[in-house]
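Listed below are the residues making up each chain.
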Amino acid sequence: MSIINLLTDFGYSDTFVGTIKGVIIKINPQAKIIDLCHNIKPQAITDAAFCLLNSFAYFPKGTIHLAIVDPGVGTKRKAILVETKDYFFIAPDNGLLYPALKQQDIKNIVEITNPKFFLKPLSTTFHGRDIFAPVAAHLSLAIKSQNFGKKITKIKELKLPQPQRQKNELIGKIIYIDHFGNLITNISKKFFDRAIKSSEFTICFADKKIEKISSSYLEKKERSPGALFNSFDNLEIFIWKENAQKILGLNKEDIIRINIK
Amino acid sequence: MSIINLLTDFGYSDTFVGTIKGVIIKINPQAKIIDLCHNIKPQAITDAAFCLLNSFAYFPKGTIHLAIVDPGVGTKRKAILVETKDYFFIAPDNGLLYPALKQQDIKNIVEITNPKFFLKPLSTTFHGRDIFAPVAAHLSLAIKSQNFGKKITKIKELKLPQPQRQKNELIGKIIYIDHFGNLITNISKKFFDRAIKSSEFTICFADKKIEKISSSYLEKKERSPGALFNSFDNLEIFIWKENAQKILGLNKEDIIRINIK
Amino acid sequence: MSIINLLTDFGYSDTFVGTIKGVIIKINPQAKIIDLCHNIKPQAITDAAFCLLNSFAYFPKGTIHLAIVDPGVGTKRKAILVETKDYFFIAPDNGLLYPALKQQDIKNIVEITNPKFFLKPLSTTFHGRDIFAPVAAHLSLAIKSQNFGKKITKIKELKLPQPQRQKNELIGKIIYIDHFGNLITNISKKFFDRAIKSSEFTICFADKKIEKISSSYLEKKERSPGALFNSFDNLEIFIWKENAQKILGLNKEDIIRINIK
Numbered sequence: 001m002s003i004i005n006l007l008t009d010f011g012y013s014d015t016f017v018g019t020i021k022g023v024i025i026k027i028n029p030q031a032k033i034i035d036l037c038h039n040i041k042p043q044a045i046t047d048a049a050f051c052l053l054n055s056f057a058y059f060p061k062g063t064i065h066l067a068i069v070d071p072g073v074g075t076k077r078k079a080i081l082v083e084t085k086d087y088f089f090i091a092p093d094n095g096l097l098y099p100a101l102k103q104q105d106i107k108n109i110v111e112i113t114n115p116k117f118f119l120k121p122l123s124t125t126f127h128g129r130d131i132f133a134p135v136a137a138h139l140s141l142a143i144k145s146q147n148f149g150k151k152i153t154k155i156k157e158l159k160l161p162q163p164q165r166q167k168n169e170l171i172g173k174i175i176y177i178d179h180f181g182n183l184i185t186n187i188s189k190k191f192f193d194r195a196i197k198s199s200e201f202t203i204c205f206a207d208k209k210i211e212k213i214s215s216s217y218l219e220k221k222e223r224s225p226g227a228l229f230n231s232f233d234n235l236e237i238f239i240w241k242e243n244a245q246k247i248l249g250l251n252k253e254d255i256i257r258i259n260i261k
Numbered sequence: 001m002s003i004i005n006l007l008t009d010f011g012y013s014d015t016f017v018g019t020i021k022g023v024i025i026k027i028n029p030q031a032k033i034i035d036l037c038h039n040i041k042p043q044a045i046t047d048a049a050f051c052l053l054n055s056f057a058y059f060p061k062g063t064i065h066l067a068i069v070d071p072g073v074g075t076k077r078k079a080i081l082v083e084t085k086d087y088f089f090i091a092p093d094n095g096l097l098y099p100a101l102k103q104q105d106i107k108n109i110v111e112i113t114n115p116k117f118f119l120k121p122l123s124t125t126f127h128g129r130d131i132f133a134p135v136a137a138h139l140s141l142a143i144k145s146q147n148f149g150k151k152i153t154k155i156k157e158l159k160l161p162q163p164q165r166q167k168n169e170l171i172g173k174i175i176y177i178d179h180f181g182n183l184i185t186n187i188s189k190k191f192f193d194r195a196i197k198s199s200e201f202t203i204c205f206a207d208k209k210i211e212k213i214s215s216s217y218l219e220k221k222e223r224s225p226g227a228l229f230n231s232f233d234n235l236e237i238f239i240w241k242e243n244a245q246k247i248l249g250l251n252k253e254d255i256i257r258i259n260i261k
Numbered sequence: 001m002s003i004i005n006l007l008t009d010f011g012y013s014d015t016f017v018g019t020i021k022g023v024i025i026k027i028n029p030q031a032k033i034i035d036l037c038h039n040i041k042p043q044a045i046t047d048a049a050f051c052l053l054n055s056f057a058y059f060p061k062g063t064i065h066l067a068i069v070d071p072g073v074g075t076k077r078k079a080i081l082v083e084t085k086d087y088f089f090i091a092p093d094n095g096l097l098y099p100a101l102k103q104q105d106i107k108n109i110v111e112i113t114n115p116k117f118f119l120k121p122l123s124t125t126f127h128g129r130d131i132f133a134p135v136a137a138h139l140s141l142a143i144k145s146q147n148f149g150k151k152i153t154k155i156k157e158l159k160l161p162q163p164q165r166q167k168n169e170l171i172g173k174i175i176y177i178d179h180f181g182n183l184i185t186n187i188s189k190k191f192f193d194r195a196i197k198s199s200e201f202t203i204c205f206a207d208k209k210i211e212k213i214s215s216s217y218l219e220k221k222e223r224s225p226g227a228l229f230n231s232f233d234n235l236e237i238f239i240w241k242e243n244a245q246k247i248l249g250l251n252k253e254d255i256i257r258i259n260i261k
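Chain order of the listed sequences is A, B and C.
For the first sequence, position 206 matches number 206 in the working numbering, and the numbering has no gaps at all.
For the second sequence, position 101 matches number 101 in the working numbering, and the numbering has no gaps at all.
For the third sequence, position 257 matches number 257 in the working numbering, and the numbering has no gaps at all.
Chain A extracted, bound-state conformation:
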C-alpha cells in the first residue's frame, strides 16, 4: 500500500482537492491519501515549506509527499520529483521542498517532463489535477523515478528566515500563526540555548516582557502572555485558552527580541 500525503493551498470550498483524489484512485485504487493540510494561504510558498518541514518525518517510510502551492502554474517553472533515503517528494520547483530536503539524504532529483503520465488535454491552470496527481499515483504503483523525466542536480532554494544575534540581543520574528492564535517565531530551541546558556533574559514584543520559558500552556493561568518551545521546537508566544494574535495584535513578520543580561 502506498501513502500519498497532500499539502496544498486549494482550500476546502471547491472540488480541487476532491478531483485530485479521484485522479489518484483512478490510477491506483489502493493508494492511501492523507490530507496534511489544504489551507495554506493562497500562493504562500514559505508557509507551505515551513509546514512540510515540521511534519514530513512523522509519516511512514516510502510516503509520497505531494505539495502544491504553485503561483507559476502553466509557465516554464519546473515540476520536480525528489527521492530521498526515506521519502518521495513531488512539487513545483519554487523552493517549497527546499527546507525539508536540506534535512535529508537526496538520492535522485527528476524534472517531471514525460507526458505519458499526464492527463490529456493538459490545462494551464490545474497541474495538480493534470500532472502532479497522476505522477504521484503512478509513482505509488512503483514506477521508477527516472521514468518521469530527466535527472537534474539543482532545485530552487528557499531559506526560511533565520534569527540574528547582535551583541546581547537575539532578534527573531513571527513566521507562522496557528489556528489557536499562537505566535510561532523563527527562534529555535537550539539557537536559544546556545545563546542564552544559563543567563537571565527578557523576551520583548509589543509592550510586553517575559522573563521565563513556560513548560506548558497552563502554567500561565491568568490572561497574560507566556513563551514556550512548541512541538516544532520553535519559541512560541501564547495566552492560555485565548487567541494571542487577537489579544496582542501581533502579526506575521513582527519582531521578537530577547535581551540577554
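Check each hint, because a few of them may be wrong.
If you want a taste of the chain C side facing chain A, the calculated C-beta under 8 angstroms gives, among others [to be verified]:
| # | residue |
| --- | --- |
| 1 | Phe10 |
| 2 | Gly11 |
| 3 | Ser13 |
| 4 | Asp14 |
| 5 | Thr15 |
| 6 | Gly22 |
| 7 | Val23 |
| 8 | Lys26 |
| 9 | Pro29 |
| 10 | Pro71 |
| 11 | Val73 |
| 12 | Gly74 |
| 13 | Thr75 |
| 14 | Lys78 |
| 15 | Thr125 |
| 16 | Ser216 |
Capping the alpha-carbon separation at 30 angstroms, the derived lysine-lysine pairs in DSS-like fashion look like this [to be verified]:
| # | chain 1 | residue 1 | chain 2 | residue 2 |
| --- | --- | --- | --- | --- |
| 17 | C | Lys252 | A | Lys221 |
| 18 | C | Lys220 | B | Lys78 |
| 19 | A | Lys150 | A | Lys107 |
| 20 | C | Lys41 | B | Lys26 |
| 21 | C | Lys189 | C | Lys220 |
| 22 | B | Lys120 | B | Lys26 |
| 23 | A | Lys41 | B | Lys246 |
| 24 | A | Lys190 | C | Lys116 |
| 25 | B | Lys252 | C | Lys246 |
| 26 | A | Lys189 | A | Lys246 |
| 27 | A | Lys116 | A | Lys144 |
| 28 | B | Lys220 | B | Lys241 |
| 29 | A | Lys212 | A | Lys173 |
| 30 | C | Lys120 | A | Lys102 |
| 31 | A | Lys221 | C | Lys120 |
If you are wondering where the hints come from, they were derived from the structure by calculation, not from laboratory data.
Note that the structure is a prediction, hence the values are computed from the model and not measured.
Positions of the beta carbon are idealized from the N, C-alpha and C atoms, including for glycine.
Following the hints, position chains B and C against chain A.
Relative to chain A, chains B and C alone:
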C-alpha cells in the same frame, strides 16, 4: 473495493459529514470514501450541480457519487439513484444531478423508497445520515439498483445558465467564484471559439477591458486582470497571485460582455 | 481493519491533524481514519462532548474514538483510555467523554501512562501527536487496554446543561448552533413530551412565539422561524433555507421558554 464520493453543503463545523462516514463504514467497512467537497453554500443546488458536472468524470468507473444539498429534506421530494454507463449517482431529486447526467448514458433511474435500507428511527432533518448514506453503502456492497425502489423515467431538470449571443456581442455571467477569488463565467471555450473565430474581441466587465486570452495566470504579472480558459474550459477572470473578486468587487451573477469587432 | 475516529479542535489551517494521521499510519498502516470533526471551537470541551454524544453510536463496533480538546495539555491532567461494550475512547480526562460514556456499559478505564507507546521526545504542547495518536494506533493493533497504564475507576464528570420545569413553563437554552445557523436547544423530545402531553404550548424566544412543532424544515416556507425535533432529538429553532442565528440574532446560552397552557 467501492468508492463513495461525497459532495454536500454540510460544512466542516459539525459532525454531519463524519457521522455519514460512520454509517457507511458500519455497513461496508471496505468502502473508500472521498470528500469531493462539503463547503457548497447552504442550499446552493446550482453550485453543487456545477461542481459535480466538472469533476465526476475524474473518478474511477463504478464510483458512487453521493451528493446532498437538500433544502427539501423531510418533505415529499424524491430521493433518487441513477445508474449510468460508468457511475452511480445518489441525491435528492432537486436538479442537482441533471447537468452531470445530461453528459452520460443513463441505464436506470430508481426512486429510493425501500425502508429496508434506511436507518430507524428516520429523522426528518438528516436524510444524509438516515437514507442517503445507508443506501450508498448498501449499493457499494453490490446490491442492485432496483432493490432500492421503483423505476422512474424522469428527474427534475436544472439548467445551468447559458451565455447568449446578440449580434456582435456575447453576454455571459459569473457563475462560480473559487477559493482564490477567480471569477468563473458560463462562457465555455467551445461557445467562445464558435462565435469569435479569428475576430478581434474585447472582454468587458466593471470598467475593465481585456483584448486577449492569456495562456496562464503568470502571463499577467502586473496587478491587472487577465482572462483565460480554466481547467473546466470556462472563461475565467483572474489577477495573478491576487483575489480578483475582492480587487474587482465583482460577484456571482455579474455580467461579462464580449464585443466582437 | 481498525477504525480510528478523530474529533478535535485543531482546525483545518495547520498540519496538526495531518501529522496525527501520519503518526497513526506509521504505526498501523491498515488503520482507517475518519474525521468526525476538527472545527470544535478552541478549548470548547462541552461542544466536543455534545458532538461525540450525538454521533459515536453511528460507528462500527470496535471503533476507537479519539477526541482531543485539551486546554490542559502538558500538565498533570490525565490521559485516559476507556473500553466500553462496543467501543474504545481515548481523550484527555477533562469531562469530554463523560456524556457519551454515561450511555454505555464501561468495561475498563485506564490512565495512559506507559511511555513505551509515546513518541520521543515528548512535547508539552502536542500530546495529540506524541501520546494520543500513537496510543490509538497501538490499540488499533489489538494491544490490550491494560498495557497502556493502570486501571482507574473514576473520570472527570461533565454534565451538559439540562432544561428545567417551573410550574407551567419549561426553561431551556441554546447549546449548539450548526453550520446552517440552526439553533439547537437542550430540550429533548422526551423531556418535552413528558411535560407537554397533549396540552397546547407556546415556544418563546427573542420576541417570537411558535405554537406548533413542524415536521420538516420546508413546512415553514415563509421567512419565519419554526421549531422541530432534529436528528439528535433536540428541539431546534430554524428558518427554512436561511440562517436563523443571523436573522434572529440569537446565540449560545440564550434562553428558550415553553409556556404550557
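Taking the hints in turn, this is what the structure says about them:
1. Interface restraint check for C/Phe10: the shortest CB-CB distance to chain A comes to about 7 angstroms, inside 8 angstroms, so the restraint holds.
2. Because the beta carbon of C/Gly11 sits about 3 angstroms from the nearest beta carbon in chain A, less than 8 angstroms, this interface hint is met.
3. For the restraint placing C/Ser13 at the interface with chain A, the shortest Cβ-Cβ distance is roughly 5 angstroms, inside the 8 angstroms limit, so the hint holds.
4. Restraint check, C/Asp14 versus chain A: the minimum CB separation of about 5 angstroms is within 8 angstroms; hint holds.
5. Residue-level restraint check for C/Thr15 holds (minimum Cβ-Cβ distance to chain A is 4 angstroms; threshold 8 angstroms).
6. Interface restraint check: C/Gly22 against chain A, minimum CB-CB distance 4 angstroms, threshold 8 angstroms, status holds.
7. The closest approach between the C-beta of C/Val23 and any C-beta of chain A is roughly 5 angstroms, which is under the 8 angstroms cut-off, so the hint is satisfied.
8. Annotation: C/Lys26 was flagged as interfacial toward chain A, and the flag holds, the nearest CB pair being 4 angstroms apart, inside 8 angstroms.
9. The interface hint given for C/Pro29 is met, as the beta carbon of that residue sits about 6 angstroms from the closest beta carbon of chain A, less than 8 angstroms.
10. Taking 8 angstroms as the C-beta contact cut-off toward chain A, the hint placing C/Pro71 at the interface holds, the least distance being around 5 angstroms.
11. Hint on C/Val73 holds. Least Cβ distance to chain A is approximately 6 angstroms, under the 8 angstroms limit.
12. Annotation: interface hint on C/Gly74 holds; nearest CB of chain A at approximately 3 angstroms, less than 8 angstroms.
13. Satisfaction of the interface hint for C/Thr75 is found here, the shortest Cβ-Cβ separation to chain A being roughly 4 angstroms, below the 8 angstroms cut-off.
14. A cut of 8 angstroms between beta carbons decides the hint on C/Lys78: the least distance to chain A is about 14 angstroms, and the hint is violated.
15. A least Cβ separation of about 5 angstroms between C/Thr125 and chain A falls short of the 8 angstroms threshold, and the interface hint therefore holds.
16. Among the interface hints, the one on C/Ser216 is violated; its C-beta lies about 28 angstroms from the nearest C-beta in chain A, farther than the 8 angstroms criterion.
17. Under the criterion of a C-alpha separation no larger than 30 angstroms, the hint pairing C/Lys252 with A/Lys221 is consistent with the structure, at around 25 angstroms.
18. Annotation: proposed proximity of C/Lys220 to B/Lys78 holds, straight-line Cα distance about 19 angstroms (limit 30 angstroms).
19. With a C-alpha separation of about 14 angstroms, the suggested pair A/Lys150 and A/Lys107 falls inside the 30 angstroms cut-off, and the hint holds.
20. Taken as a hint, the C/Lys41 and B/Lys26 pair is honoured in the structure, with Cα atoms around 28 angstroms apart against an allowance of 30 angstroms.
21. Using a Cα cut-off of 30 angstroms, the hinted pair C/Lys189 and C/Lys220 holds, with the two alpha carbons roughly 20 angstroms apart.
22. For the suggested pair B/Lys120 and B/Lys26, the alpha carbons sit about 14 angstroms apart, so the restraint of at most 30 angstroms is met.
23. With a CA separation close to 15 angstroms, the supplied pair A/Lys41 and B/Lys246 stays within the 30 angstroms bound.
24. Taking the CA atoms of A/Lys190 and C/Lys116, the gap is near 26 angstroms; set against the 30 angstroms cutoff, the hint holds.
25. Distance check on the hinted pair: B/Lys252 and C/Lys246 sit about 22 angstroms apart at the alpha-carbon level, within 30 angstroms; holds.
26. At most 30 angstroms may separate the alpha-carbon atoms for a hinted pair to count; A/Lys189 and A/Lys246 meet this at roughly 25 angstroms.
27. Between the alpha carbons of A/Lys116 and A/Lys144 the distance comes to roughly 14 angstroms, so the proposed pair stays at or under 30 angstroms and holds.
28. Of the pairs offered as hints, the one joining B/Lys220 and B/Lys241 holds, with about 10 angstroms between alpha carbons and a cut-off of 30 angstroms not exceeded.
29. About 18 angstroms separates the Cα atoms of A/Lys212 and A/Lys173, which keeps this hinted pair within 30 angstroms; it holds.
30. Restraint check for C/Lys120 and A/Lys102: satisfied, since their Cα atoms lie roughly 22 angstroms apart, inside the 30 angstroms limit.
31. Under the criterion of a C-alpha separation no larger than 30 angstroms, the hint pairing A/Lys221 with C/Lys120 is consistent with the structure, at around 27 angstroms.
In this structure, the hints that do not hold are numbers 14 and 16, in rising order.
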